[in-house]
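Please model the entire structure based on the sequences and the hints provided.
In order, the protein sequence lines correspond to chains S and P. According to this note's numbering, the first sequence is numbered sequentially starting from 1. According to this note's numbering, the second sequence is numbered sequentially starting from 1.
Treat the hints as calculated values from the structure; they're not laboratory data.
Calculated lysine-lysine pairs in the DSS-like style (CA-CA distance at most 27 Å, straight line):
| id | chain 1 | residue 1 | chain 2 | residue 2 |
| --- | --- | --- | --- | --- |
| 1 | S | LYS234 | P | LYS88 |
| 2 | S | LYS239 | P | LYS86 |
| 3 | S | LYS38 | P | LYS205 |
| 4 | P | LYS88 | P | LYS17 |
| 5 | P | LYS237 | P | LYS17 |
| 6 | S | LYS246 | P | LYS88 |
| 7 | P | LYS205 | S | LYS69 |
| 8 | P | LYS210 | S | LYS69 |
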Amino acid sequence: MENKNISPGFYRMALDISANSRLPVPGQFYNVRCGETKDPLLRRPFSMHRLTKEKGSVRLEILYRVVGKGTEWLSGRKKGETLDTIGPLGNGFLMRGGSQDVVLVARGIGIAPLYALGDALRIENPKVHIHILMGARYAQRVFYKEELKKLGEVYLYTDDGSIGYHGRAPQLLLHLLETNRLPRGLDLYACGPIPMMKELAQIAERFSCSGQVALETHMGCGFGACLSCAIPLKPEALKTCAAWQKPALQWSEDGSTVYSLICKDGPIYDILEVHWDEWLA
Amino acid sequence: MSGSPDLSVQIGGLRLKNPVMPASGTFGYGEEYADFLDLNRLGAVIVKTITLKPRTGSYPHRSTEVASGFLASIGLQNVGVEHFIKEKLPYFAGMDVPLIVNIGGQSLEEYVELASIMNTQPRVDALELNISCPNVSKGGIHFGTDPGVTRELVTQVRGVTEKTVIVKLTPMVSDIRLFAEICQEAGADGLSLINAPLGMSVDVKTRRSKLGRNMKGGLTGPAIKPLALYLVHQVSKSVDIPVIGIGGISSLEDALEFFIVGASAVQVGTWNFINPRITTDIIEGLQEYLIENKMRVFRELVGTLL
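Written out as structure tokens, the structure reads:
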């Protein structure tokens, strides 16, 4: 294991997972024990950020910001230590082969799973145009700029305008679409706060973009047993396929409400199937 | 005589090969743990609370972490009894692990109906009654906090099933021994305690409950262990039927504490989320502990508090 401070408060950790039988796909996550005592108690979920294979060894990278006791502990881990992880868990992004234009919309640490996806899309189609909207509240929180430039064209934004576009991600995306700097009908992938993704859903609908979101919430177990990461989906917009079987759906008796477990059915969902208003209520 | 110690325990007509099982609500329908352990090694599997109709459960933002504890409002999300029997129960067909089904209802009639349905299912070995559910006809007061209602509920369920009946007690009462005695008199074969006490946690920035619209949730995990241990001690002194200890068990040592104060068996809950193999780890550890302490029979350890 290696742990690198990449920006104030942000870290990238590399784990050797060569011995693991299953490898992750973009969008999947690992539930990681972040301590040796009972406080913090539960494991913390981290999405696959990058996967590198070299000389027979496989390295999984996770990206995290120190926000509490768990990530504080994690940031203190030193090279050579081992971590107690469960994974890969969850479904992963649907890769639609042949995408020409893709936009990744991230806020802060939300870039972690989107980077993995961008990497995979690039391998799948070297000609793909990847546009990346990356931002945060203020300039010091906007990290990873140089790394992102390797992946595609980067558009920065900040709430206070201290760097890049002055505003939030949905406004920036709308601006880029309305001024035809981004084409209609592009594939959108997002990870960030719920209100941001709710606004992106409206934009996706208006500009005929297909969209997927990587979701996060408090989790108890990460493998579908505790039922604490349930979110409401829209029954009429439910998306299932071979890779998204959604084994943990719970319907109400009259079929008007359906709850889904982020850890098992997700964490990746179609942007139009999530019942954002109900989740935010 | 050599060989492994005898870990078995008897609860009513049910014989468990060892005294360690998962707690209802932390083990899904059992199959969720199949990647981690061989369910056949457990004393029993206890599935989450099953209700008559399917339930979508609580609103989102169901959980938060507190100091050494897990605060969650799941709202009895479950597939309902019909789906359970059709889709979940067959999973256990080829296994020999005893299966305990936890049931809950909104009315006395619902408990009785569920117990009657389960009584017709050969694969179901025992019922655990979750009596910490709101009683709709009594303005939502939890069944298990009213002595009269508790007696009536256990008596009626007893009347419709020959299977082992375990009553899961709530700690949210002034004297839990009273409820334990009532359950024993009403024909319960065993008691399990404690169910999760209720708790709250507030986000001071938004001044909202961290569980959102749910406001409150059940507190579980290591934070409740001293409370659970004390109540298990109290109850095991006041009844003759077996007591199953539940509350914050995260290690062999925790389980041993419960056995020493009088628990004939234990259920492990929240720690399954942190270590999905904790139940089998405890079983292995218990075996070694008994050998080291020259006990050939696990039951010798129960209630040995000095």
